[in-house]
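Number of protein chains: 2
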Amino acid sequence: MAVVSVQQALSGAIAPGEKVTVRGWVRTRRDSKAGLSFVNLSDGSCFAPIQVVAPASLHNYESEIRHLGSGCAVIATGMLVPSQGQGQSFELQAEAIEVVGWVDDPETYPIQPKPHSLEFLREVAHLRPRTNLFGAITRIRHCLAQAVHRFFHERGFYWINTPIITTSDAEGAGQMFRVSTLDLANLPRRKDGSVDFSRDFFGKEAFLTVSGQLNVEAYCLALSKVYTFGPTFRAENSHTTRHLAEFWMIEPEIAFADLDEDARLAEDFLKYLFRAVLEERGDDMAFIAERVQKDAISRLQAFVDAPFERLDYGEAVELLQKSGEKFEFPVEWGLDLQTEHERWLTEKHVGRPVVVTNYPEQIKAFYMRLNDDGRTVAAMDVLAPGIGEIIGGSQREERLEVLDRRMAQFGLDPVQYDWYRDFRRYGTVPHAGFGLGFERLVVYVCGLTNIRDAIPYPRAPGLATF
Amino acid sequence: MAVVSVQQALSGAIAPGEKVTVRGWVRTRRDSKAGLSFVNLSDGSCFAPIQVVAPASLHNYESEIRHLGSGCAVIATGMLVPSQGQGQSFELQAEAIEVVGWVDDPETYPIQPKPHSLEFLREVAHLRPRTNLFGAITRIRHCLAQAVHRFFHERGFYWINTPIITTSDAEGAGQMFRVSTLDLANLPRRKDGSVDFSRDFFGKEAFLTVSGQLNVEAYCLALSKVYTFGPTFRAENSHTTRHLAEFWMIEPEIAFADLDEDARLAEDFLKYLFRAVLEERGDDMAFIAERVQKDAISRLQAFVDAPFERLDYGEAVELLQKSGEKFEFPVEWGLDLQTEHERWLTEKHVGRPVVVTNYPEQIKAFYMRLNDDGRTVAAMDVLAPGIGEIIGGSQREERLEVLDRRMAQFGLDPVQYDWYRDFRRYGTVPHAGFGLGFERLVVYVCGLTNIRDAIPYPRAPGLATF
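First to last, the sequence lines map onto chains A and B. In terms of this note's numbering, the first sequence opens at residue 5 and continues consecutively. In terms of this note's numbering, the second sequence opens at residue 5 and continues consecutively.
For the record, the hints were derived by calculation from the structure and aren't laboratory data. Just to be clear, a hint being listed does not mean it is correct.
As the list makes no split between identical chains, a pair holds if one copy fits it or if it spans any two.
[To be verified] Below, computed lysine to any residue pairings styled on SDA-like, alpha-carbon distance capped at 25 angstroms:
1. 352 <-> 291
2. 195 <-> 344
3. 275 <-> 122
4. 23 <-> 79
5. 208 <-> 122
6. 275 <-> 7
7. 23 <-> 420
8. 118 <-> 246
9. 37 <-> 347
10. 326 <-> 196
11. 330 <-> 40
12. 23 <-> 444
13. 118 <-> 423
14. 208 <-> 123
15. 298 <-> 197
16. 326 <-> 158
17. 23 <-> 265
18. 208 <-> 186
19. 23 <-> 160
20. 23 <-> 218
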């Protein structure tokens with residue numbers, strides 16, 4: 005008698021009539037007048053629970069089964085049979101149901117079999133994976149993450165775990181978190197009164213990384229195709245529904261490649277991920293489409309089916325200026341595109357994902373490759389309907405003398421970046437890459453409005469323990 | 005004319021006589037008296053470089069090809085033909101070689117075609133992936149990491165990204181790094197002079213996580229099979245060759261499971277990983293066996309072939325006491341096993357991996373399940389020849405009243421762990437899991453002696469920039 009997951013039991017892979025054991029948590033119980041109970045059991049292996057039919061003849065029917073409520077843990081053994089009920093393939097005719105864990109006080113159990121507000125669920129983050137929605141989000145997130153690794157592995161990329169704790173501010177990008185073991189109550193001081201970081205753990209100031217890109221570039225110039233997929237951190241004091249202090253970032257980097265190849269990689273990558281979700285998580289996506297975002301499936305399908313458009317930044321600016329739309333922010337060559345502009349381009353003008361390329365050099369990072377026109381860099385943003393900017397990337401400046409000029413222009417200290425300059429001295433090659441925030445993908449696929457619902461543990465205000 | 009990786013060119017997947025382009029960095033150049041040059045080209049896609057045969061008839065033969073040295077980047081196009089040379093399957097008869105990147109000053113290029121000391125290479129971490137050894141380590145590390153994800157995915161586990169920044173000291177385990185955005189030069193103070201952490205980014209003290217286990221347990225009690233694979237941190241001021249401040253940890257957790265099932269999972273897991281390395285990275289492992297650790301392959305093979313032994317802690321102590329060995333540390337029921345004891349057990353006594361179970365409760369963590377004897381817990385350590393302890397795990401205490409007693413005994417504040425106690429109130433079930441440090445695996449497989457060589461960027465003393 006095999007122990008099987010609910011997913012296996014419902015999949016049709018087990019012959020009807022077979023005796024199996026399933027284990028999980030009760031979602032609902034319904035007693036029939038015919039003297040039996042229907043117990044819906046979920047083990048998180050898939051969206052659907054399995055219906056366990058409990059006859060009154062079970063020795064613990066009156067003493068236990070009829071007291072089962074949401075959240076109780078049970079082990080049910082019986083015969084797997086095709087179900088008569090609508091929308092379920094198989095059910096279990098129980099011969100034995102062992103109650104493993106009761107719910108202490110069913111009245112106060114936070115996860116009742118009814119919809120809960122997302123705000124409320126953020127406060128019980130350790131229990132919310134037991135809900136339909138967060139079970140679905142967790143499985144979809146997993147599916148996307150596996151697809152990320154599979155995509156790169158199949159194409160010969162190597163995963164590089166770049167440092168989380170860093171002693172250099174990678175790209176001057178935003179506020180960083182300090183990492184320290186100094187005793188704040190008793191800080192070591194230099195003679196001039198300043199904090200003596202030579203006494204800190206790493207012998208100097210240390211921070212949480214904002215990006216692994218610069219580090220992974222060096223590996224790219226040795227292994228040709230590499231990627232990072234790890235946590236990054238921004239200490240931005242904007243407690244918005246779009247920003248996280250801690251989020252997972254994906255950053256591939258390819259050698260002997262230009263911006264065009266970079267854009268093709270980005271397109272292949274996103275389509276591969278969304279195809280994986282459509283193929284592997286149809287059950288969870290059906291729920292998302294029913295309860296969260298009506299077009300959740302059709303918009304992924306459209307994304308996968310259509311070729312991305314390419315648009316030069318200069319063209320994009322002209323299109324926006326001629327659009328006749330009233331934008332809140334100005335549109336002018338030299339200014340960055342705002343979300344409203346991006347959404348008009350991808351949603352109204354093109355109607356599918358679009359790659360905008362060759363931005364003015366002054367609004368992009370120092371490491372992006374200067375184009376021959378001297379005023380734009382080989383940068384790209386991938387914009388998509390319903391989400392806006394989803395990927396940012398560029399060809400990197402592989403010419404040391406141009407990089408040095410750009411660094412001087414940005415006021416960066418070349419000594420601090422000497423290692424980054426270094427591999428441009430030794431067999432430098434054109435290379436390119438991009439970055440995207442993993443949670444943004446989850447938000448898009450699951451139709452969420454608050455990015456805190458895309459991570460396993462939100463650090464919500466008022467949540468004391470996480 | 006296809007652009008192919010060196011791995012593809014050498015694999016035999018491309019028909020001999022086909023015209024292809026390969027791109028990479030020169031390892032060596034040898035000029036033959038017959039008026040041609042042999043250029044070994046590596047792109048990091050596999051261990052072996054490809055031999056590019058450059059005839060004197062190339063237009064840039066005298067001007068460029070005869071000046072190529074280690075580290076130069078080139079693009080070579082020509083016909084792929086079976087090689088006459090020993091130990092190489094195919095070579096490229098070049099029709100064109102474009103030099104993309106020169107080495108500025110070949111005399112001072114740190115990566116010369118000769119062996120370098122590992123100490124030296126730690127100081128040029130951004131260039132060391134260009135060496136044979138670190139190319140091999142990087143590919144083996146990648147292979148292990150992919151196998152980790154594949155193993156769990158194939159078995160229906162979901163990957164959970166538990167928080168990196170945490171406001172609770174997960175298990176009182178060792179020194180933690182503080183994470184803060186407070187201005188150290190101007191710390192906010194309470195009236196009593198203490199630091200006012202309510203003004204810090206998260207409104208309270210925050211640290212880098214030492215383990216995701218407690219967090220992932222909650223997901224286990226919803227999704228049944230889950231795992232973490234992410235960075236964890238220990239601020240231990242031991243600059244040893246065995247400890248890292250930042251390392252990647254793998255922590256699976258399974259519901260409705262006891263210690264026996266946990267041990268079986270650990271055995272299946274390790275064997276799966278090592279089988280993947282043997283099957284997928286034979287090239288790199290051959291190099292490791294030749295240059296680093298003679299029995300690198302045979303010991304992995306032995307590991308995979310043998311069933312793990314099981315040994316009760318009490319039995320282990322008796323065996324050690326009767327062994328007649330002179331140990332540095334005492335052996336007595338109630339004391340923890342030291343590395344010398346573990347190695348004697350696995351290497352001398354059993355001769356293969358052994359799982360030691362049921363340790364005295366006072367030497368193990370509060371969350372481990374108390375056995376019926378009242379004096380041991382359902383803990384396990386997996387010990388293996390050549391490495392010692394490689395996995396630590398346990399069945400978790402799922403009974404709230406026992407957990408509370410244990411927490412009191414360990415002096416832990418139940419309020420801080422209320423969320424952890426909470427999911428034991430609602431459908432608690434037996435569950436178990438284990439943890440292992442990913443870099444320890446890499447160290448073992450690659451036969452390394454310093455764990456800083458198992459990570460992409462070592463934070464070596466004296467290394468200024470990482």
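Original post:
So which hints don't hold here, by number, going up?
Top reply: Violated: hints 1, 2, 3, 7, 8, 9, 10, 11, 12, 15, 16, 20.
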